[in-house]
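Respectively, the protein sequence lines represent chains U and D.
So in our numbering, spot 56 of the first sequence is number 58, and the numbers just go up one at a time.
So in our numbering, spot 51 of the second sequence is number 53, and the numbers just go up one at a time.
Hints are computed from structural coordinates only; laboratory data are not their basis.
Treat the hints loosely; a few may be bogus.
If several chains are the same, the list does not tell them apart, and a pair holds so long as it fits within one copy or across any two.
Stated by the list, open to error - Straight-line Cα separation of at most 20 Å, PhoX-like style, residue types lysine-lysine; simulated pairs: (1) Lys23 / Lys94; (2) Lys80 / Lys23; (3) Lys35 / Lys23; (4) Lys23 / Lys67; (5) Lys80 / Lys92; (6) Lys80 / Lys95; (7) Lys67 / Lys80.
Note that the coordinates shown come from a computational prediction; the quantities given were computed from them, not determined experimentally.
There are 2 protein chains.
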Amino acid sequence: MAHKATIGFSESENQLARFAKALGHPARIAILKQLANMNCCFCGDIVEELPLAQATVSQHLKELKESGLIHGNIEPPKVRYCIDQVNWEKAKKLILELFTINLSTL
Amino acid sequence: MAHKATIGFSESENQLARFAKALGHPARIAILKQLANMNCCFCGDIVEELPLAQATVSQHLKELKESGLIHGNIEPPKVRYCIDQVNWEKAKKLILELFTINLSTL
DNA sequence: CGTATTCATCGTACATTTGCGATGAACAAT
DNA sequence: ATTGTTCATCGCAAATGTACGATGAATACG
Chain U
3 MAHKATIGFS
13 ESENQLARFA
23 KALGHPARIA
33 ILKQLANMNC
43 CFCGDIVEEL
53 PLAQATVSQH
63 LKELKESGLI
73 HGNIEPPKVR
83 YCIDQVNWEK
93 AKKLILELFT
103 INLSTL
Chain D
3 MAHKATIGFS
13 ESENQLARFA
23 KALGHPARIA
33 ILKQLANMNC
43 CFCGDIVEEL
53 PLAQATVSQH
63 LKELKESGLI
73 HGNIEPPKVR
83 YCIDQVNWEK
93 AKKLILELFT
103 INLSTL
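Given these sequences and hints, build the entire structure.
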């Protein structure tokens, strides 16, 4: 018995948790910073910047894709990864909502 | 062989990932929302609000404590949990830095 | 002292995550 | 056709995470 997760929580709580989970590893933070800085990057450029094997980076990219925060376009023989602006803004909004709940009550 | 994590990344990347990881579960989001709304809560109040057993909630509270986002004060026979304002602001700042990297380049 | 309340921790079971080498798929160029 | 490049996926091993019941620790109350 393990892992109800998501069951019994609001959709925005689940969505925020999914975004946060995607941010919950330093490699993925580094990837997102790089993508945000350069707007778009080839997969190979990202692999070069990280202290991880290509297979591992590919896995982190997959998780970021599944969270919706990035997307990848095939441009043979490379793949160009970009921040997904829509979900990026959605994540920012959800996180800011959480962090600004109690500003007035202090 | 698994889990270098943290090794080879900057301290701010690691810190941000730790905060994000703490936010990466809907139960912990729900707990933080409750704490932020009421400023402080007794542990029992939190357990009542969540669809989880007391032991599970206690574990989530422990993780939030270890991330630094909250702290707990014993007020027998209860325990009062509060947002840790210092780390809360630190987390907010780190996350906002990430999300505002590329605003000008669009 | 015995009992009740509140919460943490232990032990267990199972799922997920992390990381890597090896392999596969797709395509370009020789 | 063979080769090289780029990247995804598979298969494996080990670490972490999630959830719960049971138990333990601390305190207050009778």
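Here is what the structure says about each hint:
1. Taking the shortest alpha-carbon separations for lysine 23 and lysine 94, both the intra-copy value of 14 Å and the inter-copy value of 16 Å come in at or below 20 Å.
2. Taking CA atoms no more than 20 Å apart as the test, lysine 80 paired with lysine 23 passes in neither setting, with 27 Å inside one copy and 31 Å between copies.
3. Proximity of lysine 35 to lysine 23 under the C-alpha cut-off of 20 Å is found in both arrangements, the shortest distances being 16 Å within a copy and 17 Å between copies.
4. Within a single copy, lysine 23 and lysine 67 get their C-alpha atoms as close as 13 Å, and across copies as close as 17 Å, so both meet the 20 Å cut-off.
5. In this assembly of identical chains, the alpha carbons of lysine 80 and lysine 92 never lie at most 20 Å apart, being 28 Å within a copy and 37 Å across copies at closest.
6. Taking the closest pair of Cα atoms, lysine 80 and lysine 95 never come within 20 Å of each other, the shortest separation being 32 Å inside a single copy and 35 Å across copies.
7. For a Cα distance limit of 20 Å, the shortest separation of lysine 67 from lysine 80 inside one copy, 16 Å, qualifies, whereas the shortest one across copies, 43 Å, does not.
Figure legend: structure checked against the earlier numbered hints; hints not met, in rising order: 2, 5, 6.
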